[in-house]
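Student: This is what each chain is made of:
There are 4 protein chains.
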Amino acid sequence: MKVEMKERTIVDQYLKVRRFSESLSAHLEPEDCVIQTMPDISPTKWHLAHTTWLFETFILKAKVPNYQPFHPQYEYLFNSYYNSVGRQFFRPHRGHLSRPTVAEVNKYRQAIDQRMVELLQNCKEEDQPEARSLVELGLHHEQQHQELMVTDIKHVFSCNPLHPVYWNCPVLYADATPALTFKSFEKDVYWIGHEGEGFGYDNEFPRHEKLVHGFKIGSRLITNAEYMEFINDGGYTKSEFWLSDAWAMVNQQQWTAPLYWQKEGEEWFYFTLNGYVKVNPYTPVCHVSFYEADAYARWAGKRLPTEEEWEIAFRDDPIEGNFVESQCFSPLALNSQDIKKTQAYGDVWEWTGSPYVGYPGYKAAAGAIGEYNGKFMNNQRVLKGGSCATSQSHMRPTYRNFFFPEQRWQFMGIRLAEDL
Amino acid sequence: MKVEMKERTIVDQYLKVRRFSESLSAHLEPEDCVIQTMPDISPTKWHLAHTTWLFETFILKAKVPNYQPFHPQYEYLFNSYYNSVGRQFFRPHRGHLSRPTVAEVNKYRQAIDQRMVELLQNCKEEDQPEARSLVELGLHHEQQHQELMVTDIKHVFSCNPLHPVYWNCPVLYADATPALTFKSFEKDVYWIGHEGEGFGYDNEFPRHEKLVHGFKIGSRLITNAEYMEFINDGGYTKSEFWLSDAWAMVNQQQWTAPLYWQKEGEEWFYFTLNGYVKVNPYTPVCHVSFYEADAYARWAGKRLPTEEEWEIAFRDDPIEGNFVESQCFSPLALNSQDIKKTQAYGDVWEWTGSPYVGYPGYKAAAGAIGEYNGKFMNNQRVLKGGSCATSQSHMRPTYRNFFFPEQRWQFMGIRLAEDL
Amino acid sequence: MKVEMKERTIVDQYLKVRRFSESLSAHLEPEDCVIQTMPDISPTKWHLAHTTWLFETFILKAKVPNYQPFHPQYEYLFNSYYNSVGRQFFRPHRGHLSRPTVAEVNKYRQAIDQRMVELLQNCKEEDQPEARSLVELGLHHEQQHQELMVTDIKHVFSCNPLHPVYWNCPVLYADATPALTFKSFEKDVYWIGHEGEGFGYDNEFPRHEKLVHGFKIGSRLITNAEYMEFINDGGYTKSEFWLSDAWAMVNQQQWTAPLYWQKEGEEWFYFTLNGYVKVNPYTPVCHVSFYEADAYARWAGKRLPTEEEWEIAFRDDPIEGNFVESQCFSPLALNSQDIKKTQAYGDVWEWTGSPYVGYPGYKAAAGAIGEYNGKFMNNQRVLKGGSCATSQSHMRPTYRNFFFPEQRWQFMGIRLAEDL
Amino acid sequence: MKVEMKERTIVDQYLKVRRFSESLSAHLEPEDCVIQTMPDISPTKWHLAHTTWLFETFILKAKVPNYQPFHPQYEYLFNSYYNSVGRQFFRPHRGHLSRPTVAEVNKYRQAIDQRMVELLQNCKEEDQPEARSLVELGLHHEQQHQELMVTDIKHVFSCNPLHPVYWNCPVLYADATPALTFKSFEKDVYWIGHEGEGFGYDNEFPRHEKLVHGFKIGSRLITNAEYMEFINDGGYTKSEFWLSDAWAMVNQQQWTAPLYWQKEGEEWFYFTLNGYVKVNPYTPVCHVSFYEADAYARWAGKRLPTEEEWEIAFRDDPIEGNFVESQCFSPLALNSQDIKKTQAYGDVWEWTGSPYVGYPGYKAAAGAIGEYNGKFMNNQRVLKGGSCATSQSHMRPTYRNFFFPEQRWQFMGIRLAEDL
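Residue numbers (our numbering), protein chains in the order written: chain B, -15 to 404; chain V, -15 to 404; chain P, -15 to 404; chain R, -15 to 404.
Chain B on its own, in the form it takes in the complex:
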């Protein structure tokens, strides 16, 4: 979409992204769309409604004179966390709402889409840049929720002993993994952050100079086979590899492997959106927390890269890879001949060692939109590169994703680095 954004009309772009949300839910039964299996996740129909509410609130309500909301209580039900807009329904209870039904949510989507298309088609020329900019933000927002629709339904299905299959995509087995090598970068002052052309969130600004010390970064992601060596070496039972908070978490939650892994006899299995199968040794390890990524790196005698190191290393790579468009919904293996492929984009989000804080000179946007990023700059770590649940058009080298160090339900993996 990134490229097309400039070429296609904003209406086309709008409809394309909106339709994709619906296509993701097309694999599901109404019952699937209601469930919330932990506070972090939201029901599918909540995502479908919330993304719609964002367009209704920030565009229709703001731009259409005398706009009448589609339903007087949807703002309360579908506002996520915008305190400046109003009160929100208690997040951990989103799974307590059977109504509106999926069908009613789809009617809501259609009604708002119709109003949005009218608005955009009748937009005066002088208002078009602002409209385009707001729609772009809304579409990027919806793409983020498309990713969550995938990761959240994975969690929902994983809790069901019947192991429902979301989509039956054959995940090819590889013959061997290319050797892990390290590429060097010299100490220098680098420019970091978004250059200003094209879309970017406020947290990618301002572009600024940063003194980065010499480093080396891994040529590819860590595989399941490599991670299993850590497990087999007693990695989860030796405190010396773990941060103090991590060690408490490992013991409290009794972690012995990544999320969704289960040992049956001597064999590791895992739950994927394509079925419950034996762990594929060649695919990138996935559903590890920052704590596990960090412990793995320490065990391996390395460390995680910083977000700047990652950006410097991969900003000139083509933004290609196993994104959601491939409809695999699982990371894919490299083959022995894939020695040029870095896996930087797609497959799994890569944990960095960088705490998520504002860049020097960062200012949150004004108004409710300012709640989008800035208020989360606490106790989270930055991840880079997108995953198999991310839209390709949503990705760029300066993109800063962020999660708490104990979270694992996103497609998250490991790349190693070390000092030069």
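Just so you know, the hints here were simulated from the structure itself, not pulled from any lab data. There may be inaccurate statements among the hints.
The list treats identical chains as one, so a pair stands whether inside a single copy or across any two.
[Unchecked claim] Capping the alpha-carbon separation at 20 Å, the derived lysine to aspartate or glutamate pairs in DMTMM-like fashion look like this:
| hint | residue 1 | residue 2 |
| --- | --- | --- |
| 1 | Lys194 | Glu170 |
| 2 | Lys262 | Glu210 |
| 3 | Lys91 | Glu13 |
| 4 | Lys286 | Asp186 |
| 5 | Lys347 | Asp403 |
| 6 | Lys194 | Glu292 |
| 7 | Lys359 | Glu402 |
| 8 | Lys359 | Glu390 |
| 9 | Lys359 | Asp229 |
| 10 | Lys194 | Asp172 |
| 11 | Lys45 | Glu355 |
| 12 | Lys194 | Asp403 |
| 13 | Lys247 | Asp217 |
| 14 | Lys47 | Asp186 |
| 15 | Lys194 | Glu402 |
| 16 | Lys262 | Asp159 |
| 17 | Lys171 | Glu193 |
| 18 | Lys222 | Glu355 |
| 19 | Lys347 | Glu402 |
| 20 | Lys359 | Glu224 |
| 21 | Lys347 | Glu224 |
| 22 | Lys347 | Asp229 |
| 23 | Lys324 | Asp217 |
| 24 | Lys286 | Glu355 |
| 25 | Lys200 | Asp24 |
| 26 | Lys47 | Asp229 |
Knowing the structure of chain B, use the given hints to seat chains V, P and R on it.
Tutor: What follows is chains V, P and R alone, placed relative to chain B:
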């Protein structure tokens, strides 16, 4: 059903009860049937499946040679608490299961019904008494779950700010409530418990003699108007009316009224299955815990009856009233001319002061069926008389229902008593 | 004291009980007297102060004109649960108070004792009956807290890996346990409750007739050796012996033996106030919950007695045994020749199957004293007979102690019964 | 001590620091030394024992041939968090241990001191550098615990309605606060971290170059009067000033002011170690979390400094101020004429916006000592400058203290900064 049980064939009875479960879920969308809003309640589709599983496990599996279960994992998913049968899916997570879908559960019901009908129709004459007895137990079990389907969906809908309506039944307003009078009973040794003819749970046996001291018992249930006097007198803020555990609960949960009541300005509203409306002053107070019933009685200078007192007072009344067959799903008011009506049966379960323990000489049934009642004889109180969600054919004077003293989501109300 | 109460002056009685509290704390360091290791227990110095506060509040404040409290905040700190007197310091935080120190609490005791003795010595003849009655209540209250001082410091010390010894009393080993036999009682109407002569709490009244069905009751307490058979037979791992709530507790708390027991290799040890030693097979099993007592009885094919059965069986026994006056602070074994000894009094409180509720016609006393018993009549079970931490003068056949079914830190044990 | 370290013998230094710990506990009763009022804090006697255990474990045990531990279980009781040394007694239960008593702990201290002095006096010349280095680490460790002894007893006393006074130091009232001005620093590459001469923790290394963008930093700390303006402006009720996690904490914990503040009528009071008094408007605001410091800065239109900005701004200031040596145990006010005083050192630790992570090239020390700092580099923020509970000899510009963003019980305050 009680009467008909003897007259109609067991197959007819079986199908009638089974169809009624489905008719209760006919008012619902698939999304409604999945939700679990607190650990005490279960999703509608779980009730539909669990009642089916009971017939499959205790009859088909036991009686049909080489019986193949409908689905290998349904036993794990739909066993409620029979440890002697096997492990159970974690109860508070019943709302985490979107599959099997409602449609799949209905297929399960049809398949088991077909097998059951075949079994019963081909049952040899000498096996019929045992078959009839097992089916009767299964049908009484299903009637209990029909009641829970009603009370549980009420809780689910009550958590939704959209206030969904389950069934639109006009609840008539009354002109006045007949005066509350007290009927006296002399100290004597009475026979208590089930006589042996007709169906009864093991906890109603053995019939035994009990010395009951002289008592008086109220002529009707306490109304919302009467309970509001307690509220208005500061009942919820004065520790002297409350048991110690009750007072802790009132403060911890910040109770100020029965469950489902909400104050808007100066007016009390409540959520009912017929809509969210102003509290009807003439209908029996409902959704009060034992703690509230007991506190109300102390405030009123009375006490709750014991279970024996209730049984003695009302065992000769006709078992008529506002049961689930009336399709009101709410307790109904008396009118000024209803001075003969005791409201003993239907409307609301009546809290007694009696802790739920076994009668003298009680023995739990052998095998898994023995887990039905006996293991719950701890920290619960007995309730009598049935409610607007109970089947009329399910009720009898010796019936002992039991709930924890803090529970409120059943249709539960208050009748007063005092020493002679 | 029971006998002496009539013969000795009330001042003598007062001083004797008060001095005994202090003698119990004489074995302790100041540091020991501050600790609260779970919400159920209180620090030693809290007991010393609270019992003093009761005399100050209910006698001095009520009877001495213009009485000035010893300290303006002691009422807030040392009121236990009398809501009608005023607010109370948060019970689970009693261990957060280092001040007043033990020395200051002892000064408080001396000051109140001096005022009390003055009051009693100058009491007009016509006021003496009421004064005597209030003082008696206060002394029985203090004796209850003396028992808690013993059981609470046992819990405190048990949490310390250094296993401090409270008092070094040699607990004699026995040669063998007399055979367990059962004594029969016929069905009849019996008088139950306090006759009215001598002291009694309000919950022992009114004396009333009760129809008791024929029963048999065990000749002695269950021993550690007998309880170990239950453990060795997998008692803690088989759901069929346990009430549903009990089974949840066993699994949640991972109970595998009575409180204070610990397995080292193949050998069971337990923490006692006389040291950490191997479990004595001959002494009565102790520190079991109602849940464990009930499960043991079911495993043994028996049941627990009701409170009335216990009272009928042992009301004519002499009130003698291993009380706190023996200074053993642990239950003692019978020897093979002790075939006449019933162990009904002293050693351990005996769980009955009776839920703790008011007798027919029970009325709580008026005023703050009415909070003593009545408000606790919920979810508890009655225990009979007193323990090795109870004062002999505090005991009588009609005494009704009560604890929650999961509580274990009192000296609590098991006697069996069965239907005739 | 920093200066003296070089001049005085290591034995003198050792004894001086050790005696100071004891002098801090000299104001306390034995009962005070046992209490733990929240999991973060430790009882005084635990600090006295733990600091002793560190010398015993890392020096005596390591250096004295055939060393016999003073007590076989003290390692288990007094190891804080060194997993590589062994298991640790459960931290939140440190307040469950009445034994060893304070007197016994003091005997332990004396015994270890005697062994340490012998060891140091007989130390061969070639072993002296390593011995000195280990002792220095142990003494800095003990100084950290001296600070905790002060902050922890403050929390303990604050929970007691009797408001015990630790030490009666007259806190002078000021006439006015000097104006707050901002000093500018240009964008440049600066050297950050410890130069290598004198003692430093591993987290202050390696010294490295850092590109720091232009900034301005406040001339003094924020006062109580200034913070009250934030409160009075509804600061605690407006979500726009708060990080998302912070806002959740404010609402969950119902924060309305710094820790230890209490409103009586219209007046704010606070609990100090010198008594419970009216809030002094001139003294630096104290006992605020990072969340509150950050919200205050946002409300004021500024931000917190980064740790590098603070180090650059104040590294040339003399290390003087209100340290623990002044025996005030509370931050002190500036007067109108104190326009040159920066308050950078002493009074309160100053929150920076910098997450606590390792410097570029950081490596944790090998062995158990490596658990001192590195494993805590997660979810904490850096604080600079020391407080009124810190030893002056313990402080240096490169010192990096760290606490979780919600913690408030240390002496923590606010300095503002902004972009140039």
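Student: Can you name, in rising order, the numbers of the hints this structure does not satisfy?
Tutor: 14, 23, 25, 26
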